[in-house]
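Based on the sequences and whatever the hints tell you, model everything.
Chains as they are written, first to last, in the working numbering: chain A, 4 to 790; chain B, 6 to 266; chain C, 2 to 162.
Just so you know, these hints were derived from the structure itself, not from any lab. For every residue, glycine included, the Cβ atom is placed at its ideal position computed from N, Cα and C. Careful: at least some of the hints might be erroneous.
As the list claims (entries may be wrong) - Cut-off 20 Å, straight-line C-alpha distance, at most; resulting in silico cross-link-like pairs (EDC-like, lysine to aspartate or glutamate):
id	chain 1	residue 1	chain 2	residue 2
1	B	Lys42	C	Asp26
2	C	Lys117	C	Asp129
3	B	Lys50	C	Glu19
4	A	Lys568	A	Asp635
5	B	Lys50	A	Glu125
6	A	Lys410	A	Asp434
7	B	Lys255	A	Asp655
8	B	Lys42	A	Glu122
9	B	Lys50	C	Asp69
10	A	Lys26	C	Asp83
11	B	Lys263	A	Asp653
12	B	Lys255	B	Glu215
13	B	Lys42	A	Glu162
14	B	Lys61	C	Asp69
15	C	Lys117	B	Glu85
16	A	Lys391	A	Asp772
17	A	Lys26	C	Glu77
18	C	Lys117	C	Asp155
19	B	Lys255	A	Asp653
20	B	Lys42	C	Glu19
21	A	Lys26	C	Asp31
22	B	Lys255	B	Asp235
23	B	Lys42	A	Glu125
24	A	Lys184	A	Glu307
25	B	Lys61	C	Asp95
26	B	Lys50	C	Asp4
27	A	Lys26	C	Asp26
28	B	Lys42	A	Asp288
29	A	Lys26	C	Asp4
30	B	Lys263	A	Asp655
31	A	Lys572	A	Asp587
32	A	Lys54	A	Asp159
33	A	Lys100	A	Glu162
34	C	Lys12	C	Asp26
Stated by the list, open to error - Far from chain A by the CB rule (all over 12 Å, computed), these chain C residues:
id	residue
35	Gly11
36	Asp129
37	Gly153
38	Asp155
39	Val156
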Amino acid sequence: MPKDGGIGAATTRREDVRFLTGKGTYTDDIQRFGQAAAVFARSQVANGLIKSIDTSAAAAMPGVLAIFTGDDFVDVGGNPAGWLINSRDGEPMKEPKRPVLAHGKVRHVGDAYAAVIAETAEQARDAVEAIEADIEELPAIVDMAAALAGDNYVHDEIETNQCFDWGWIEDNRAAVDEAIKNAPHVTTLELVNNRLVPNAVEPRSSMAEYNASDDSYVLHTTSQNPHLTRLLISAFVLGIPENKLTVIAPDVGGGFGSKIYHYGEEALVLAAAKKVGRPVRWTADRTESFLTDAHGRDHVTKIELACDKDGKFLAFRTETMANVGAYLSNFSTATPTFLHGTLMAGNYTVPVIYTNVKAVFTNTAPVDAYRGAGRPEATFSIERVIDKAARELGIDPMEIRRRNFIKADQFPYAGAAGLEYDSGDYHALMDKLEQKVDRAGFAARRAASEAKGKLRGLGINTYVEACGIAPSNLVGVLGSRVGLYDAATVRVNATGNLAIMVGAHSHGQGHETVFPQIVGEMLGIDPASIEIVHGDTSKIPFGMGTYGSRSLAVCGSAMVRATEKIIAKASKIAAHMLEASAEDVEFADGAFTVKGTDKSVGFGEVALKAYIPHEFPIEDIEPGLEETAFYDPANFTYPAGAYACEVEVDPDTGQVSIERFIAVDDVGNVMNPIIVQGQIHGGVGQGVGQALLEGAVYDSEGQLLTGSYMDYTMPRAADLPFVEIDNSCVTPCTHNPLGVKGCGEAGAIGSPATVVNAVVDALQSGGKDVTHIDMPLTPGRVWAAMQ
Amino acid sequence: MYAFEIERPETVADAAAALTGEAQALGGGQTLIPTLKQRLASPEKLVSLAGIAEMKGVCTGDDGRLCVGGATTHATVAAEAGSFPALAELASHIGDPAVRNRGTIGGSLANNDPAACYPAAVLGAGATIVTNTREIAADDFFDGMFTTALNEGEIITEVKFPVAQKANYQKFVQPASRFAMVGVFVAQTAEGVRVAVTGASEGGVFRWSEAEAALSANFDASALDGLSLDADGMIGDLHGSPAYRAHLVKVMTGRAVKAAA
Amino acid sequence: MTDISMTVNGKAVSGSVEGRTLLVDFLRNDLRLTGTHVGCDTSQCGACVVHVDGLAVKACTMFAAEADGAEVATIEGQANADGSLNVIQQAFQDHHGLQCGFCTPGMVMSAAALLKDNPKPTEAEIRDYLEGNICRCTGYHNIVKAIMAASGQDVGAIAAE
Ligand SMILES: Cc1cc2nc3c(=O)[nH]c(=O)nc-3n(C[C@H](O)[C@H](O)[C@H](O)COP(=O)(O)OP(=O)(O)OC[C@H]3O[C@@H](n4cnc5c(N)ncnc54)[C@H](O)[C@@H]3O)c2cc1C
Ligand code: FES
Ligand code: FES
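In structure tokens:
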């Protein structure tokens with residue numbers, strides 16, 4: 004039965020039908036009777052002293068139901084940082100309060116200082132304009148180096164703009180300095196990892212309902228992890244007891260990190276729903292999304308690679324300034340540290356590594372994890388400096404990497420950046436890439452491009468990442484304030500079909516299709532008889548949500564464990580039905596059979612028996628068939644890949660076009676190849692976007708110059724080619740039951756350096772002495788670099 | 006958006022009568038509606054021109070000029086201006102298909118966005134803008150970024166293009182907005198060559214007279230070799246410096262000459 | 002308020018709207034056809050694409066009053082009469098042309114408009130046509146492939162099979 008649609012099948016997605024017919028239910032699609040609208044008053048200045056806010060005229064406007072300002076939230080908590088980082092000197096990071104609405108000061112353009120609740124959004128907007136806020140503009144703190152040097156602070160009370168100064172691994176510092184001092188060759192590169200705006204196409208939206216009869220709340224919100232949102236609201240911000248708050252993340256139109264976090268708007272609509280006694284909804288417009296969604300990346304980095312004459316790596320030393328924006332978003336302190344510094348060994352055997360990260364407050368939107376989160380920054384730095392070193396030493400870019408790869412027989416491998424990679428075969432990935440690239444034919448392709456007046460370049464890149472986030476014990480030691488396990492409940496109904504409640508949240512990843520493939524295979528039943536329930540805290544035991552390519556590796560593992568418990572219990576029931584001992588009963592292809600006999604009972608009959616427990620050994624076995632498992636991974640998982648890209652550069656205009664893109668990824672065992680490919684396509688799209696198109700830019704006054712699609716370049720269909728994908732090199736994860744690693748972020752991690760390496764190669768082939776261009780490689784920048 | 010009413014007249018006369026006080030013409034809305042959403046304009050009334058049959062369509066006048074109704078959409082021009090291929094081609098690359106199905110030539114010209122495409126064609130071809138009250142030569146129409154010779158309430162009813170012997174428009178897109186970062190319309194006419202540049206200058210669309218002279222003498226891209234455009238007054242922003250734009254103008258002009266048909 | 006009436010997905014509908022009511026708001030709020038989405042405020046993302054009198058338009062950049070008397074088609078009316086997915090919708094499912102689904106209604110409506118004008122578009126023509134439809138999830142690979150497949154072209158040779 005399951006063979007067609009089980010593990011590894013290219014099953015098409017069942018959820019597509021509702022999306023393709025306009026029947027999806029996104030937060031903004033939900034309308035309640037009597038629903039009111041919330042609109043926020045947002046700061047026009049990057050840094051300002053709130054001297055007074057007069058809401059009286061606004062309150063008298065038509066349709067206005069209530070107005071909130073920062074004063075209304077002084078007695079509730081702030082939105083906390085989820086990860087404590089200690090500085091090199093042992094001091095804990097600085098954690099200024101992040102209030103629901105700005106109080107005292109506004110700290111970035113878009114910072115909300117008041118909110119109007121009205122009958123309609125347009126009425127609320129009218130009233131927002133009538134709020135008289137006297138905000139004295141202060142000099143904006145935008146540039147990170149200046150922020151660290153100056154005495155004008157984003158948060159006056161901490162008297163510094165440095166959140167922390169972190170060293171990894173601090174004990175290696177001296178050894179790395181020594182290695183670099185004595186190395187035969189040192190390649191140095193200064194680079195910027197450009198700030199990005201996640202830009203899920205669905206803007207954030209939240210709708211709250213309050214039920215006075217039992218003092219309970221329901222929040223519908225665009226979240227990648229509703230349980231964490233509930234926890235943060237309950238334990239830190241509003242103090243609504245968890246048992247009185249249901250958080251529902253219905254269909255969510257993409258997240259890419261930006262919807263992991265709890266935002267003040269969620270707390271505001273909850274408070275407002277209670278105050279006005281009606282459902283209250285807020286939906287961002289795109290301008291608000293640009294100004295207030297957590298941005299990504301934004302590192303200014305210097306990396307040095309020490310190597311010997313043969314290109315054998317001796318040490319990496321990195322200094323990074325990481326922008327955290329005006330407030331700490333929930334994972335903003337983990338992203339530039341434990342998701343970045345720990346990855347600085349790449350795929351290589353490097354004896355010693357040291358990474359220093361200074362996190363800096365600025366008057367800009369908060370910065371947090373965006374697809375890849377820390378790992379794209381690490382990969383970009385490593386792979387760009389390696390490419391530069393290869394050129395300086397005259398070594399082929401594939402060859403220099405091969406000389407330094409961890410070999411297949413060295414796994415598990417404890418790298419110099421502190422992580423132990425469980426499995427991998429980087430040589431196999433590079434061999435596969437080389438075969439697909441057709442290097443022999445490259446000269447002819449380059450000649451053909453040149454005949455058209457174009458320069459052609461080939462870029463090579465490898466990556467390894469840590470995902471399946473994360474072992475709670477490990478991250479606990481490293482400062483995480485939450486556990487990063489996940490949970491699943493498998494409920495077998497009396498008639499043999501299933502509902503599985505999972506803590507992961509699908510906002511495009513296809514859980515509704517893939518999870519049943521796995522359980523269907525395990526139980527030998529049709530996956531179509533299995534329903535996945537997600538995104539509702541009232542229905543699901545618990546969950547830490549979807550990010551860090553963790554859904555399958557962590558929540559999928561919980562689901563497997565719960566299913567194993569189902570099989571164990573069902574075996575006992577079957578044994579009773581078959582009048583055999585449980586040890587003699589085996590389960591295969593959906594049937595329980597007494598070993599060596601043809602006595603057998605189907606899974607469906609056992610399920611029925613569990614719920615109609617006549618002649619049931621009630622002393623030994625409880626009725627019912629439902630099991631829950633929490634799964635906490637033993638380690639991260641380590642997907643890896645080798646990427647290549649061929650670009651054409653128009654020397655007259657600087658325009659870059661991607662002619663080919665090849666992604667060879669080892670994501671562990673593949674549960675559904677079309678989903679895996681789709682994730683890689685999307686990741687590559689975002690990685691190419693970072694490399695060529697996207698960049699959030701603030702001017703010196705802290706105004707976001709790229710505040711709409713008119714100036715922030717989103718990748719369009721014509722910017723990308725078909726991506727050639729290969730997932731045939733598989734080294735299963737050794738510590739989770741499915742042997743899966745994760746594929747959600749790979750493309751975004753592996754592609755930026757691939758593209759930049761290719762452009763540099765193209766320019767060098769045209770005789771230009773260009774060793775690096777900062778992303779995004781817009782035509783204007785590429786042209787300027789050529790002059 | 007602030008509140009307003011919408012009127013949908015069926016004749017130019019009715020539209021002109023309705024366009025008094027705080028009323029504003031509504032063409033395809035592809036510029037005006039996003040502006041209204043930002044609350045940057047507060048008309049009390051919008052007068053939609055979309056229902057005025059006499060302002061729509063493409064035809065050839067008795068004098069051989071191609072006449073485009075002021076409320077004709079970009080898609081219609083792309084499909085029906087076959088006798089002036091450079092114009093049809095230009096229209097077919099304005100925005101995206103859905104924008105082209107709504108946006109109109111009159112709206113584009115009245116708006117005179119410094120990065121818009123039509124102003125280059127109108128100035129490059131030496132077209133005449135016909136309004137409900139007068140005719141305005143292209144050379145007198147554009148008055149710097151977002152400003153034109155139009156009076157309050159004046160309606161562009163038609164644009165008359167002399168069909169060039171050879172012409173071409175080359176657009177180098179600003180990657181985010183996909184408007185022109187630099188757009189160059191080159192037209193070879195009996196009176197000489199005209200070169201109109203959009204997207205590049207802080208003064209809006211302009212004619213590059215040195216290039217016109219050089220190309221009038223020798224209609225070949227090589228004629229541009231010795232020329233360079235002063236970067237002074239060119240737009241500088243995060244998409245490109247003034248020097249880059251000045252350089253692109255020359256590159257795009259050369260390409261337009263090569264492609265001119 | 003102005004009274005308007007139009008045909009939406011073949012059904013006559015009417016309502017009373019303000020001048021500033023956008024077509025997308027009329028569809029979503031008044032008619033409760035929430036398949037048409039809003040993803041931007043600068044008329045660029047295409048999540049809102051519907052057909053008005055047979056032409057693809059951005060429902061966020063047209064007033065409801067302007068559609069008075071028009072024939073409007075939305076994603077909700079695209080399936081076959083028996084409720085099964087139409088050729089384009091089916092191709093999107095077959096080729097995994099959607100992930101979060103938010104851009105999808107606009108993509109399907111744009112694809113339908115393209116194939117009406119150009120029944121066998123090339124890859125480049127499809128990519129070009131989708132300039133006004135932004136997808137953040139798919140890298141467009143499978144969207145382009147699905148549209149090629151929907152037009153009856155063999156997509157077996159496309160990368161990543
Ligand atoms: C996503 C997107 C991409 C675009 N890309 C491009 C591009 O690449 N190149 C380009 O050139 N343009 C581009 N545009 C702009 C587009 O061409 C608009 O259609 C055009 O600029 C305005 O025309 P409209 O008919 O929509 O005018 P509206 O938006 O309705 O009006 C614009 C202004 O003109 C006035 N007006 C309208 N019609 C008339 C008339 N007949 N007489 C007098 N005044 C009038 C209005 O009162 C208003 O002030 C783009 C727009 C969008 C949304
Ligand atoms: S909502 Fe973005 S184009 Fe209409
Ligand atoms: S599928 Fe998510 S935006 Fe396209």
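Okay, the hints, checked on the actual structure:
For the suggested pair lysine 42 of chain B and aspartate 26 of chain C, the alpha carbons sit about 13 Å apart, so the restraint of at most 20 Å is met. Taking the CA atoms of lysine 117 of chain C and aspartate 129 of chain C, the gap is about 16 Å. The hint holds against a cut of 20 Å. A distance of roughly 12 Å separates the Cα atoms of lysine 50 of chain B and glutamate 19 of chain C; the hinted pair therefore holds under the 20 Å criterion. For a cut-off of 20 Å, the pair hint linking lysine 568 of chain A to aspartate 635 of chain A stands: about 16 Å separates their Cα positions.
Restraint check for lysine 50 of chain B and glutamate 125 of chain A: satisfied, since their Cα atoms lie roughly 18 Å apart, inside the 20 Å limit. At most 20 Å may separate the alpha-carbon atoms for a hinted pair to count; lysine 410 of chain A and aspartate 434 of chain A meet this at roughly 13 Å. At roughly 10 Å between alpha-carbon atoms, lysine 255 of chain B and aspartate 655 of chain A fall within 20 Å of each other, so this suggested pair holds. In summary, the hint linking lysine 42 of chain B to glutamate 122 of chain A is supported, as the alpha carbons are separated by about 19 Å, within the 20 Å threshold.
Note on lysine 50 of chain B and aspartate 69 of chain C: the hinted pairing holds, with a Cα-Cα distance of about 17 Å set against a maximum of 20 Å. The suggested pairing of lysine 26 of chain A with aspartate 83 of chain C holds, with an alpha-carbon distance near 16 Å, which does not exceed 20 Å. With a CA separation close to 17 Å, the supplied pair lysine 263 of chain B and aspartate 653 of chain A stays within the 20 Å bound. Distance hint between lysine 255 of chain B and glutamate 215 of chain B is fulfilled; the C-alpha atoms sit about 11 Å from each other, no more than 20 Å.
Restraint check: the Cα-Cα separation between lysine 42 of chain B and glutamate 162 of chain A comes to about 40 Å, which exceeds 20 Å; the hinted pair is violated. For the hint pairing lysine 61 of chain B with aspartate 69 of chain C, the CA-to-CA distance comes to about 19 Å; that is within 20 Å, so the pair holds. Between lysine 117 of chain C and glutamate 85 of chain B, the direct Cα distance comes to roughly 18 Å. Compliance with the 20 Å bound is thereby established for this hinted pair. Of the pairs offered as hints, the one joining lysine 391 of chain A and aspartate 772 of chain A holds, with about 12 Å between alpha carbons and a cut-off of 20 Å not exceeded.
Under the criterion of a C-alpha separation no larger than 20 Å, the hint pairing lysine 26 of chain A with glutamate 77 of chain C is consistent with the structure, at around 8 Å. The suggested pairing of lysine 117 of chain C with aspartate 155 of chain C holds, with an alpha-carbon distance near 19 Å, which does not exceed 20 Å. A C-alpha spacing of about 15 Å is found between lysine 255 of chain B and aspartate 653 of chain A, which places the hinted pair at or below 20 Å, so the restraint holds. As the CA atoms of lysine 42 of chain B and glutamate 19 of chain C are separated by approximately 14 Å, the hinted pair is consistent with the 20 Å bound.
Distance restraint check for lysine 26 of chain A and aspartate 31 of chain C: the Cα-Cα separation of roughly 16 Å lies within the 20 Å cut-off, and the hinted pair is therefore satisfied. As the CA atoms of lysine 255 of chain B and aspartate 235 of chain B are separated by approximately 11 Å, the hinted pair is consistent with the 20 Å bound. A C-alpha spacing of about 10 Å is found between lysine 42 of chain B and glutamate 125 of chain A, which places the hinted pair at or below 20 Å, so the restraint holds. Distance hint between lysine 184 of chain A and glutamate 307 of chain A is fulfilled; the C-alpha atoms sit about 11 Å from each other, no more than 20 Å.
Between lysine 61 of chain B and aspartate 95 of chain C the alpha-carbon distance is near 42 Å, which puts this suggested pair outside the 20 Å criterion. A hinted pair counts as satisfied when its Cα atoms are at most 20 Å apart, and lysine 50 of chain B with aspartate 4 of chain C qualifies at roughly 16 Å. Between the alpha carbons of lysine 26 of chain A and aspartate 26 of chain C the distance comes to roughly 17 Å, so the proposed pair stays at or under 20 Å and holds. For the given pair, lysine 42 of chain B sits about 10 Å from aspartate 288 of chain A by alpha-carbon distance, which is consistent with the 20 Å threshold.
Between lysine 26 of chain A and aspartate 4 of chain C, the direct Cα distance comes to roughly 28 Å. Violation of the 20 Å bound is thereby established for this hinted pair. Between lysine 263 of chain B and aspartate 655 of chain A, the direct Cα distance comes to roughly 15 Å. Compliance with the 20 Å bound is thereby established for this hinted pair. For the suggested pair lysine 572 of chain A and aspartate 587 of chain A, the alpha carbons sit about 14 Å apart, so the restraint of at most 20 Å is met. Among the hinted pairs, lysine 54 of chain A with aspartate 159 of chain A is consistent with the structure: their alpha-carbon atoms are about 16 Å apart, no more than 20 Å.
Restraint check: the Cα-Cα separation between lysine 100 of chain A and glutamate 162 of chain A comes to about 14 Å, which is no more than 20 Å; the hinted pair holds. For the proposed pair lysine 12 of chain C and aspartate 26 of chain C, the alpha carbon gap of about 18 Å is at most 20 Å, so the pair holds. For glycine 11 of chain C, the requirement that its beta carbon stay farther than 12 Å from each beta carbon of chain A is met, with the minimum near 15 Å. Residue placement check: aspartate 129 of chain C does not keep its beta carbon more than 12 Å from all beta carbons of chain A (closest about 6 Å).
Here glycine 153 of chain C stays apart from chain A, with its beta-carbon at least about 19 Å from theirs, past the 12 Å limit. Remark: the non-interface label on aspartate 155 of chain C is consistent with the geometry, its nearest Cβ contact in chain A lying 14 Å away (cut-off 12 Å). Distance to chain A contradicts valine 156 of chain C as a non-interface residue, since its nearest Cβ pair spans about 10 Å, not more than 12 Å.
Checked against the numbered hints above, the structure breaks hints 13, 25, 29, 36 and 39 and satisfies the rest.
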